[in-house]
Every structure is written in C-alpha cells, then in structure tokens.
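Engineer: The working numbering puts the first residue of the sequence shown at 971, with every later residue one more than the last.
FYI, nobody ran anything at the bench for these hints, they're computed from the structure.
Any given hint could be a false lead.
Claimed, not checked - Here are the in silico distance ranges between beta carbons for each label pair:
1) Met1022 to Glu1151: 17 to 27 Å
2) Gly997 to Pro1153: 27 to 37 Å
3) Asn1059 to Glu1119: 29 to 39 Å
Cβ atoms here follow ideal geometry from the backbone N, Cα and C, with glycine treated the same way.
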Amino acid sequence: MAPRPRRLPRRTPRDQGREPTPGPVEGSVIRPAVPGDIATIIALRALMFEAMDASAEAISDIGWQQDASRWLQQHLGDERVHVVVAEANGTVVSCAIGQVLDLMPSPTRASGGGLVTNIATFPRHRRLGFTHAVLEALLGWFEEETGVEVITLNATEAGRDIYDNFGFVVSTFPEMRLRLERPAEPDEG
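Let the hints inform the model, and build the full structure from the sequences given.
Structural biologist: Written as structure tokens, this is what we have:
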C-alpha cells in the first residue's frame, strides 16, 4: 500500500517561491532565481556533486558547467521548472530546483511527477535554515502551481534528515541507471 499523501505545512503565503519572502536569517530573502544567479547556481551544483562523491576531474570539467548554464538560461522562465535561491545580504548562498516531469499515469500517480534537484548551500551558511527555506518554497510551488502528486529526489546521507522531516520516504524500488555510450563529436577545425 502506498504511503498516505502528506500536506505541506502552511507557514508562508500561497505565492511562496514566486515572490521574495523573508529568509531565515536577518537580511536574507528567499526568491525565484534570475539570470544573474546562474554562475552561483552552477557553483552550488558543483558543491552538490562533490557531496555525492563525484570525481574532482568530472566536477571541474567546464563542458557540463557550460551545458548547465545554457539549460538554466533556457528554463528559468519555463512554467515546468522553478529555481529558488536564498540570498543573504545580497549574495546567493543556497538553491533548489524543481521540475515537472511528463510521466504516464500509474496507480500511485494520476498526473506527472516532480523532481527536486540541486539542493545545495555554501558551507559557511549551513545549519542556518537556508536549505529548509528553499526546499519549503520549492515544495510550495509544486503544491500550489502544479498538478504534481509525487515528488522525488536523490538524497545524500547528509541531507536525509531534512528530507525525512518534509515527509520524503525511501522508495521501495531503488533507482537504477544505465549510461549509454555516445560517440565523441568530431572536432570542427
């Protein structure tokens, strides 16, 4: 039997995540990302991959960073993607990204699914409530502005407690991956 759906605690306005709201620390704000935030979001994404034990070589590869930057430029205004940042004294210190996935309905999910990614906070701003605030705003967006019923994420061990507190549970069926080999693109020269 599927777990009972959980309602998110209503601690902030209905427009949560779409309009700037006060953050957890004086001088901080939780708001939607803008194009000027992209470089910092990429830096936070690299930090997330580091926490997931990706190799330093892979993390420092400029190719994925450029691709991710282009993806963000294309999707920041997309109604199926929402990027929330926490800003402290004018500097972005934390972020979370949500995507609405177009999935075939199933017995446990009548509509598409949601995917949460890129939850990261710079080390000196951790344990101050920023991660909680960006995730709460993002989940508020899913709940209020999408038809999503099931949201998934990949958790690091360090992040498990906060996700547990929001009601995320470990899936019965583990995610499995297959990486397809693609031929290298020829150099244009």
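Engineer: Hint by hint, note whether the structure agrees.
Structural biologist: Quick rundown of the hints versus the structure:
1. Met1022 to Glu1151: 17 to 27 Å: Holds: the Cβ-Cβ distance is about 22 Å, inside 17 to 27 Å.
2. Gly997 to Pro1153: 27 to 37 Å: The hinted range 27 to 37 Å is violated for Gly997 and Pro1153, with Cβ atoms some 51 Å apart.
3. Asn1059 to Glu1119: 29 to 39 Å: The hinted range 29 to 39 Å holds for Asn1059 and Glu1119, with Cβ atoms some 38 Å apart.
Of the hints listed earlier, the one the structure fails to meet is number 2.
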